[in-house]
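Student: Under this note's numbering, the first residue of the sequence shown is numbered 205, with each subsequent residue one higher.
Read the hints as simulated data drawn from the structure, not as lab findings.
Source: prediction; values computed, not measured.
We treat Cβ as the ideally placed atom computed from N, Cα and C, and that holds for glycine.
Accuracy of the hints is not assured; some may be wrong.
[Unchecked claim] Listed next, with one range per pair, are the computed distances between beta-carbon atoms: (1) Asn232 - Gly268: 38 to 46 angstroms; (2) Lys388 - His225: 33 to 41 angstroms; (3) Gly249 - Lys341: 25 to 33 angstroms; (4) Ile220 - Arg266: 17 to 25 angstroms; (5) Arg292 - Ser344: 42 to 50 angstroms; (6) Pro402 - Asn336: 30 to 38 angstroms; (7) Gly268 - Leu415: 29 to 37 angstroms; (8) Glu337 - Gly299: 16 to 24 angstroms.
[Stated by the list, open to error] Simulated pairs of lysine-lysine, BS3-like, Cα-Cα distance not exceeding 25 angstroms: (9) Lys206 - Lys236; (10) Lys314 - Lys386; (11) Lys234 - Lys206.
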Amino acid sequence: MKITFLGTGTSQGIPIIGSKHPVCLSNNKKDKRLRVSVLVEWGGGFTCVVDCGPDFRYQMLRSGCDKIDAIVFTHEHSDHVMGFDDIRPFYFRQGDIPIYAHQRVLDSLKQRFDYVFKTENRYPGAAAVTVNEIENKPFSLGGLEVVPVNGTHGGLQVFGFRFKDFAYLTDMKRVEAVEIEKIKNVKILVVNTLRIEPHHSHFNLEEALVL
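Please model the entire structure based on the sequences and the hints provided.
Tutor: Quick look at the structure:
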């Protein structure tokens with residue numbers, strides 16, 4: 205399995221437009237962070253992207269990714285979905301792109317990107333997708349069992365995902381004990397850690413370390 209971090213920044217990215225914070229003014233390449241997303245590859249080259257935020261196009265170009273077999277969504281916040289229109293080049297080469305998400309997230313995508321989901325009088329330049337609703341139970345993807353990990357992001361339900369020995373939990377503030385059981389014994393755990401100070405919708409450093 206190959207894991208590529210496409211972005212590890214905040215919802216506004218780093219640096220933030222107009223910010224005079226030392227991190228935003230830094231020349232350190234580690235202080236240049238795109239919106240959160242990860243590319244997971246396994247098997248004979250099956251490629252899965254988790255979330256496609258506003259930086260999706262650049263992330264695909266920078267990573268050299270020219271094929272997507274599935275897009276899995278954690279939740280519907282803009283920093284996780286607003287690159288959805290940029291799946292078009294993949295659609296033109298591959299056909300309908302399979303997407304996997306909670307029904308609430310699918311409803312949000314249909315509202316924002318209605319032209320992608322139309323079946324009649326479609327705009328010829330629009331992408332099309334194969335819709336797969338997921339619930340809080342394992343599902344098969346590219347011959348692999350993917351396990352959703354349910355959590356809350358402020359007051360919003362979100363999914364993290366376990367791909368075999370790799371678990372990816374982003375934008376979470378609370379995870380129940382029964383969900384934590386799902387990620388035990390993973391070799392790699394990626395968890396959101398927004399800052400040192402407490403935050404209303406993200407783990408801070410102390411909370412992430414406890415997890």
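Student: Would you mind marking each hint as holding or not holding in the structure?
Tutor: Hints, verified against the model:
Checking the proposed 38 to 46 angstroms range against Asn232 and Gly268 shows it is violated: the Cβ atoms sit about 24 angstroms from each other. Distance hint check: the CB atoms of Lys388 and His225 are about 37 angstroms apart, consistent with the given range 33 to 41 angstroms. Checking the proposed 25 to 33 angstroms range against Gly249 and Lys341 shows it holds: the Cβ atoms sit about 27 angstroms from each other. Look at Ile220 against Arg266: about 20 angstroms separates their beta carbons, and that is inside 17 to 25 angstroms.
Range check, Arg292 to Ser344: about 27 angstroms between beta-carbon atoms, so the 42 to 50 angstroms window is missed. As the Cβ distance of Pro402 to Asn336 is approximately 36 angstroms, the hint placing it in 30 to 38 angstroms holds. A hinted range of 29 to 37 angstroms holds for the C-beta pair Gly268 and Leu415, which are about 32 angstroms apart. At roughly 20 angstroms, the beta carbons of Glu337 and Gly299 sit within the given window of 16 to 24 angstroms.
Taken as a hint, the Lys206 and Lys236 pair is honoured in the structure, with Cα atoms around 22 angstroms apart against an allowance of 25 angstroms. The straight-line distance between the Cα atoms of Lys314 and Lys386 is roughly 30 angstroms, outside the 25 angstroms bound, and the hint therefore fails. Between Lys234 and Lys206 the CA atoms are separated by roughly 21 angstroms; this keeps the pair inside 25 angstroms, and the hint holds.
Hint check: violations occur at hints 1, 5, 10; the rest are consistent with the structure.
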